[in-house]
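What follows is the residue order along each chain.
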Amino acid sequence: MSVAAAAEAEVLKLEEVTVAYGDTVALENVSFSLHRGHFLCVAGPNGAGKTTLLRAILGLLKPRSGGIYVFGERLTRRNVLRMRRRMGYVPQLDAVERDVPVLVEGVVRMGFLPLQRPPRVLRRADVTETLELLHIGELRSKSFSQLSGGQQQRVLIARALVRNPEILLLDEPFSGVDPLSQQIILKTLHSLKKCGTTIILVTHDINPLFRFADHFLFLRRRVVAFGDASTVFDEDTLRRVYGADVRVFTADGEKYAAIGDYHA
Amino acid sequence: MLEPLLEPLSYDFMQRALLAAVLMSVSCAAISTFVVLRGLSFMGAGVAHAALGGIGLAVFVGVSPLLGALLFALLLAFVAGYAGQKGSAKRMDVAIGVFFAFGMALGVLFISLLKEYAVQFWALIFGDILAVSDFDLTLMAALAVVVIAAVTLFFREFQAITFDFEAALASGINATFYHYFMLTLIALSVVVALKCVGVLLVFAMLTAPAAAAYELSKTLRGMLLLSIAFALVSSILGLLISFYVPFATSALIVIILSAIFFGSLAAASLRKH
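Heads up: the sequence lines are chains A and B, in that order. Numbered by our numbering, the letters in the first sequence go through residues 1 to 264 in order. Numbered by our numbering, the letters in the second sequence go through residues 1001 to 1273 in order.
The shape of chain B in the complex, shown without the other chains (with noise of 0.2 Å):
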């Protein structure tokens, strides 16, 4: 009766993408609880984009597209970061905004430079959880260890920026610096996300998990392992059900997720009355 369910894993490519799923949903699932409740969900779209800058210029100079990746996304989030405390919360969203538009120009004018057709860019930007390299798996699974790992140790601290910024500045709290670490961790997630869903469908990560465990939810700690549940069955299904038709694996993926955030909403509407 497992057959169905066993037969994809006995494949390496598989394999390899069951763990990509899986780093992907943990990281951006935990992240998510910050990123919609603290209302950083440009932010996360913003980083996605602005990657795009540093994989054109990772594929022009011929080094692994993540690692550019990588770079740009986390030097939104300290621009973004920095602006944001400078003036207003607009000022961070015009920062991203810019940083978001510039990225993915960078991004184009380096894949124009290109006599050839770049299939790594293209594969960032659509996902291809199928053909995760040894080193992209290895990049991803640091990432998504620094990330699970400071979820864990400092959720409290993260839970008290998200309940009340100022209050938590005001207890001693060194709520400034947890605020770049967070911005920091979720361009580490956006990172991890990128091989298997795609710059494009990044934001549903980032966003659709912990919205529809919001919904669900009594408690913060329960809304995080929650979305990391529905993350979790998402990407798993998605990519299980990629193996036998022949649809893109991101976007079952994310139809998947979205699904389960519509259930959610109508689950938490229908107990309301």
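Only chain A is shown next, with the shape it has when bound in the complex (with noise of 0.2 Å):
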């Protein structure tokens, strides 16, 4: 592969990313970069600076120091709003004002708004597909209210894949969310991610993306471990990442990890 393509295949670079807020040092020298198609777990215990870093490749916070890179362009105050608008965001399901009456395809149709000026051409079909593929398109004209955790947690995934993000980011998308459900977005991300699609998840729970993710950042305000799972899977540094007794259980060829109140 020439330089240049390389370059282009890079999607996503950080390079001594520092954030604060005010005296707070949440993240601290973070680097690490992802190609087009890879599936990034990000882990760590609460407060480790999780959502902070989703946060900051958004451009939602502004980097005390180092640089961020999405599409090969530094992120910048200038180029933000056009970054944004390649990127899928799905927030956790709290910060979602759920008392707002809306359909479900309403909050569908919100990830078109930033593409389109106002009269808008209505893509019916787009919101159907992106529903069907979450299998959730017969709760189309329901309340976003009356649905459960899960179906409300696939609806926001799907509020962010209508617009064909290049880069998908999820701020915790099983909490809250019954097996099915969390069945039905692992599936989903895969798929997305053969198609060439970046992936970043965080998650407190690594376990049910072993399969799934192919590179892993393990946080603790600095990075502790980043790479596949087969280099960072292991008792010393998921101890190091969560700073409690941590036991890996192998089950049907796969990897588990049992933090804190494993039973042995």
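Please keep in mind that the hints were generated in silico from the structure rather than gathered at the bench. No experiment lies behind these values; they were computed from the predicted model shown. All C-beta atoms in this analysis are idealised placements derived from N, C-alpha and C, irrespective of residue type, glycine included. All the pointers check out, no bait thrown in.
Derived DSSO-like pairs: lysine-lysine, alpha-carbon spacing no greater than 27 Å straight-line:
no., chain 1, residue 1, chain 2, residue 2
1, A, Lys13, A, Lys193
2, A, Lys142, B, Lys1218
3, A, Lys142, B, Lys1272
Label pairs and their computed distance ranges (CB to CB):
no., chain 1, residue 1, chain 2, residue 2, range
4, B, Val1146, A, Lys62, 32 to 42 Å
5, B, Lys1272, A, Arg74, 48 to 58 Å
6, A, Lys62, B, Leu1067, 35 to 45 Å
7, B, Leu1153, A, Arg124, 13 to 23 Å
8, B, Gly1097, A, Arg222, 34 to 44 Å
9, B, Gly1039, A, Lys62, 24 to 34 Å
10, B, Leu1153, A, Arg77, 23 to 33 Å
Both chains are given apart, each in its own frame, so use the hints to dock them into the complex.
What follows is the structure, encoded as structure tokens:
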């Protein structure tokens, strides 16, 4: 691959990024890079800077030092809106005002919004297709507030996907979500990855991700480990991340981590 | 049969009052949808009271009180918006609270400097919809057109920032701009309503229509239209009743609106059981 092609394939690069809220440093000297079609799982304990990392990549927080490069361009105040339009963001479910009366279809359409100016052309087919991808096509005309947590999460993912993002960022997409929804979400992410979407998923529970993510970033304000599952997934690394007793089990050829309250 | 309804409208002052009531109802109710859902009701109350400072100043220097009100209302919208941006929502509330009292104090100060009784000042505290001047009506119409056009044109943006502010920002919407824009529209709606219901009752126009409609709506668009309908019914009915009985129009409008709110609460709770 030529140098230019390699640079093009590198969709995200962080160089020594430090982010602080006033005097409190939330991320320190974080560096890593991702290519097209990479699936990164970001894990770490509460307060490790996981959400801060997503917010910095989206340009919602300005790093105190270091540089963030998206699609080969350094993220600046001038290009941030243009860059955001090429990304999809799924926030924590708690961040959403669930009392606002809005139909599922209305939520998904919000994803289109920055890409079009009024008067807007409605693309019904895209909305239906995206909802069906997540097995919620029949919920289209339902009230968002009446859905279960898992269904609501899938609607928020549909909102991010309807704009065909090149980078998809998800913040704790499995909290308050039923196992069936979790499976559907993981399968959807898997097929997106195969189509070349770069995925960054923040979670405190890494177990469901072993089979799906190809890169892991363990954070504890700084990068504790970054690499594929085979290089970062051991008891010593996980102990350094969580600061608690960790055991790694193997069952049916797959690894599982038990953190803190395992029963051996 | 329609005579009791049509007779009042044969008077010039009632025709003007009706137009004022319609302008107020549509603009306040449209923006009230977002005021209620985004928890900005204190902002509405703050704008109305801060406007008193501008009213006092305008009466003192001898220009139209609504112009003074407009100036102070916009000032508060920006100060509150800025404070909210730079810190937590708590700081926005604090900024509104300080400006709320500061505006009122200024208003009282200017009025105390006047030798004669300040009719215009009191008219805007309690509302005086039956004495709307040509200038007032023109200004109200202009502001109402801005509010209605903005809400219609940017409904989806407002919906997106109301539903999920950070995700709207992250998706590439200039959410901060729309937030300030919304605060500005609240300020403009307050000025439209001042002459109709007065500083003390504007708060009701910015909360009750949407709060009543919320109980009965499945979509934001439905909630917006229903709240406009509720506001129109109460302001027109209040106006007509006050033609026949010697009650203050502004009080009647707010009492009818409150009754609609309690009625919708009752209807919603009946439906749930």
